Structure formats: C-alpha cells, structure tokens
Amino acid sequence: MAVVGINGFGRIGRMCFRACLEKNVEVNLINDPYITTDYMIYLFKYDSTHGFFPKPIICENGCIVINDKKIVTSQEKNPSKIRWKENNVTYVIEATGVFTTLEKASLHNDGGAKKVIITAPSIDAPMYVYGVNHKCYDPKKGNVVSAASCTTNCAAPIVKIMNDNFEVIEAMISSVHAVTATQKTVDGPINKLWRDGRGALQNIIPTSTGAAKSLAKIIPSLKDKISAIAFRVPIFNVSLCDMTFRINKPTTYDEIKAVMKNESEGELKDVLGYTEEDCVSSDFNHTIYSCVFDAKAGIPQTSTFIKIIAWYDNEYGYAHRIVDLIVYMYDVDSGKISPVESVTEEEILRHHVIIEDARKWTESDELVQELTAHTPRAYVGYITVFCPSNDTASVVIVVTCGDDMSKIGINGFGRIGRLVLRASIDREGQVVAINDPFIGLDYMVYMFKYDSTHGKFKGEVKAENGCLVVNGNKIAVYNERDPKNIPWAKSGTEYVVESTGVFTTIEKANAHLEGGAKRVVITAPSADAPMFVVGVNLDAYESSNKIVSNASCTTNCLAPLAKVIHDNFEIVEGLMTTVHAITATQKTVDAPSAKLWRDGRGAAQNIIPASTGAAKAVTKVIPALTGKLTGMAFRVPVHNVSVVDLTVRLGKSASYDEIKAKVKAAAEGPLKGIIGYTEDEVVSSDFIGDSHSSIFDAKAGIQLNNNFVKLIAWYDNEYGYSCRVIDLIKFMQTKDN
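Note that the working numbering gives residue 362 to position 239 of the sequence shown, counting from 1, and the numbers run on in steps of one.
To be clear, the hints were calculated from the coordinates, so they are not data collected in a lab. Please read all numbers here as calculations on a predicted model, not as lab measurements. Wrong hints could be hidden among the right ones.
[Said to hold, decoys possible] Straight-line C-alpha distance at most 20 Å; calculated EDC-like pairs for lysine to aspartate or glutamate:
(1) Lys192 <-> Glu226
(2) Lys530 <-> Glu637
(3) Lys783 <-> Asp803
(4) Lys581 <-> Glu551
(5) Lys585 <-> Asp549
(6) Lys822 <-> Glu804
(7) Lys775 <-> Glu791
(8) Lys258 <-> Asp287
(9) Lys597 <-> Glu637
(10) Lys641 <-> Asp605
(11) Lys795 <-> Asp549
(12) Lys208 <-> Glu399
(13) Lys192 <-> Asp161
(14) Lys193 <-> Asp261
(15) Lys392 <-> Glu378
Assemble the whole structure, with the sequences as input and the hints as a guide.
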C-alpha cells in the first residue's frame, strides 16, 4: 500500500488529505513550515467551502490523530530535511507551489521519499492526467512527476474524447475560474502580472493559463492546435472550461452527447461526469469528477464548429485525481501491473483553404477631423456605411446640437431607464417625461440620486410640484401601467425609450404611439422590430421605422468588433461567450424562476450558464454573418461590466498584431467613441462608467494560428449601452427631420 506524505497544507494540501482519507490511502506525515499542528487541525476541521470535517480529529504529542491513526507533523522549510524516510513515506504530494521543477522537487528524494507528485504544471517533470495518459507512467523515467493543473485535468478528458472521435483540427479554451488563495481581496501590489493584484471579489480578471501547453504534452498530436486563457471570477469554488472545437469529422451535438455519456459510464467513470440538468457552479461543489460534461450548456455553430462546456471542482475533484494517480503509480512501482508503453500519435496535416468574396472598408480620418473641428457643443457620431458594390466605405457624420435635440420619454425607471437618463444628461439629450407604475416620485429621486454601481449623481435632483427636477430641468412623471394611457403628447415627448423589458414587440410597443409618441426605441432585442447597432448598420434606418430595437448590450459590444474583423479578415465561423455581470432579474438566493430553472439560482454564489441571442442578433445587423455566428453566456457575481470572448476562424490569414492594428485604427477613426482600445493590464471594474460599446483588450486575446483567434472585448453593460440608446435617437432625429 502506498504511504503518502504532504508538503504544504494549503487548499490543495488539505483537499489531498481529505481525498486520501476517503480513499483509504495512508498518510504518515504532513509538513508545513508556517502552520503549527493545532492550527493544521483547525484549518482542516473547518472549511468555508467544503464544510465541517465530520470525524473526530485531535492534537496529541505534536501529531494529528484521526480514528486512532497518528499523523506526524513537521515545520521544515528545506524539503531535504523533512523526515520522509523515518516515517515510512514513499510518495510525497508536493503542494506548496514552490518546488515545481525536477531539481527542486528532487530534494524530497534526499529526505527519503521514493516518488514526488507535483500538484501543478512543471516545466520539466513528466506530466500525467489520470484517465487520459496516466497509463504512460514509466517508473524508469525518474522519481518526480506532475499531476498538471486542475484546469488541465478538466479539459484533457473532453479534448481526448473529441480528438479520438471527431479529430480536432484546432481548439480554443477559456476557463471561467473561481478565486484562488494567491489573489488579493482588495487592490494590492503583486510581483508578476499587474492585473493579478486587483481585488478578486470585485472583478472579472483575465489571466494566462498553461493548460493548453500542458494538454499538448499529455496529448502530443494536439501540439500547436490548442490555445487557452482564463477569467477569474468572484466565486469561491468550482470552475468551468468553455471549449471551442473545430473538428474534421462532421457530427451533431446529439452524437457528441452520446459519446460523452458512453465514456462517463464506461472507461472514464468517476473521472468524467455527465449531466442534462439545469446546473450551476455550486451544484458541483465537492464533486470527485475531473470534469462534468454539461449537455444542456454547449452549442453547435455548424457540424464541425462546436462549443462544449464542462464543470470542475478545482480543489476537491483535482485532489482526488492526484490520489488516484498515486495509487496507480504504486501499483506499477510494486509490480502489481505492468507499465504501458507510450505510443507517439501520428500527426495529420490538414490544409483548409476557403475562398469567399470579401469586402473592405477604409477610414476617412481627415474628413472626420475637418467636420468635428467646426462643430462645438455638438455630438458627433461616426457610422461606417457598408458598400457591397465596391471596396470602400463612406463615413457618415451625424451632427446634432443639444439645443435641437428631440424630446425623450422613458418608460420603465429600472437599471437601464435610470442610466439612459444619466446618459442623456452627459450627452446633451432632453428627457421630458418618465413613466413607471411601480415607483413613486420621491423614490425616483432617491434611486436616481444614489447608485451602488455608478455612484451618487453629481448634479441636482429633487421632486417639485409632481415633477422630477434634474439640474433645473423639469421632467413630467406618470404612473400608468398601460402604455397607451401614458400622455406622452402632453409632455411633448417624441421618442420613447421602452425600457421595461415587457413591451418588446411592434404590437406591444405600438401602444406608445397611441399615447402621442412619434417613435419608440426598445432597449432589448425584439422578435419583429428592426434592430440597429450604432456604428454598424445605421445606414439601414428609414424614417418610416416607427418602432426600432437598440438590440442588447452584448450585441452592441460584439457587433462593432465582429464588423471590423469581418470587413478586414473575413469571419468564416465564430462562437461567442459573454462572461456577464448579474442583472436585476436574477435571484439573491435560490428561488423559483418562471422560465429556465438555472436562472433561479443564487446570483452571488454561482457561475450560471444562460442562453443569449446576442450573436444571432449580430447577423441581423451584419447579414453577411448569417449562419456563421452563435453564442452563450455565463452570469458571474460582479455587479457591472461584462466581457465578450469571441473565437473566430478567419478566411484571410493575419497575425495578432495585424488584427490589433485594424481594431486600433477603427477605434481612432470611423468607430471612435464606439470601439475603445487598450493595451493596459485592465480588469472589469476599470470599465465602470465607460461610454464605449466595446473596448478591445489587446493584451487578453490569444492566437493559435493566423486563421484561428480568440478576441476579448469589455463593455459596461449598463452605461455604455445607455449611451448608445441616446446616440441612436440622435441619429434617428437627423433622418426623421
């Protein structure tokens, strides 16, 4: 029987101890130079994530005692001085995160250990993932191995199954990862990447991950075919892998589900889980699986371009795989089973050449500068007009002076309604009426004045003679439930911002016209109203359009970026994920949901997969992308600012620097004010109050090859979107008048 020692009693060390106890693997010694024995017991007994340890555990003569079994403890800093041999330890779990190379980890051998298992990726130690390549373990190849990372342990089984059955051409992976012990609770200094020093509980934080490189070591045929990034989000355990595959063998999503289910019930039982339930992250807390395939969350774009979702307990599930690996190594080392010779997989080269018509657009910076120089106190928007008949595009300059702004009414004074009012003030709009049947005037003043996300309103706001007065401007207030009863004409309202989320069809929104309004802008996707995204398709607007949709915040982020990429490099196919801030309709704790069950789960505790029509909506504003783009969402516990993760295959080869250059040129030219561009080490909270639709993060994106890239763009899903509502109305005014 293997006898185990643990070096480092942090999160993984303690979880490995639990896994050893559950699997009846003997632990004889635990070493941690910074934790005394009684504190070890306290930390092990009480766990905020995995709960109270149910068995009696005491301190006796410097040892931990569980069920009459004594475990020696020590506090040595130098691994060579730890008394492994004296305590009959043969397998050491190296869980400090410090001794991760062959040279450093071999110090444990000096202390008498026979084998060392590093609980992290290693630059030079052989790497094994239980259930994938653990049978390649060869005791003759040294005494130190790596169990890779928790993310690699999640991704590897899925990737192997996809490659074995459908032949992976290329893949992109995003890990939406729980916080870890090394992150900061509030902004603080850090030795490595600046982003990593930002407050973990307040932000979505993009970061690098070595999971893709590890996968190439574990499955050699996938070398140079996979790349990966990670987003750290404010939950305390359970992460997921969002994997976008391009495969050589066409298939259906049902066929993929069948293969995954078969593997989970067969050879990969206890390694790969399978669910068709409406699950969220907390449902996998304390799961022993390396990964759980979520059959309901994945989406196919085509028969060869597919997104797959898998969950993993990044602490407990990973710890179980480490112990499983040790048990297997012991069986090989002791001669119970023979090692299996590793076979080098044959590399198959493929060349996919897709030639389709492409259209380009050019910038007219000089024209923009000339006109903006002569328009003081005016709003200037830049709209690229798509010209299919030639290789150029014209730039339409929209100039609308604040004094001539049409009168706006707002129906629904929730998050978007209030932010539209703020945006109208910032952008010289003119709101003359607000209707909300559920909010009294005094409460309107309070809610507009104080905002937990965007801060206290800096101007004057008060109630006076039944009106809301903002910076001296009187706004009529109504409390009608039926839109046709709202007296828009009485206040002179011409454009109604429909922000209740209820009246989202032409038939329902038409009731506002009965009340005297001239136009309605729906602040949500609509099943039948024409959809417009500023900076993308405003040229299609006609004054005969009485009711229009401003699409969604996610579509407003995705569409400008997709347009720049498609116009310059041709999107052949794409899959999008938005890691989205919580919204007002979500639940603070688990509660019933009228629609999808997952949506009723506690917003502050979970990563929650959700559907989104954002990618499909892009095809309505960019028809050339029809059938080429789809997507999904994950709701995470940040209160504002979301991020689009767009994986695309390009028809025209381009380096990442070339892509950056084109996006930057658009951000400084025809899409100025719509697309932002940054090369700073930014996180989600840095974009609160940002008025752009989409901010391209040049440092966060990754490229697998010149035709397969993952692009990252941030957006303030409240304020940035609200600014576009006002911009759309201003543009409509120029056409309508």
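Tested hints:
no.	hint	result
1	Lys192 <-> Glu226	violated, 33 Å
2	Lys530 <-> Glu637	holds, 17 Å
3	Lys783 <-> Asp803	holds, 13 Å
4	Lys581 <-> Glu551	holds, 15 Å
5	Lys585 <-> Asp549	holds, 18 Å
6	Lys822 <-> Glu804	holds, 7 Å
7	Lys775 <-> Glu791	violated, 23 Å
8	Lys258 <-> Asp287	holds, 17 Å
9	Lys597 <-> Glu637	violated, 24 Å
10	Lys641 <-> Asp605	holds, 17 Å
11	Lys795 <-> Asp549	holds, 17 Å
12	Lys208 <-> Glu399	violated, 48 Å
13	Lys192 <-> Asp161	holds, 16 Å
14	Lys193 <-> Asp261	violated, 32 Å
15	Lys392 <-> Glu378	holds, 19 Å
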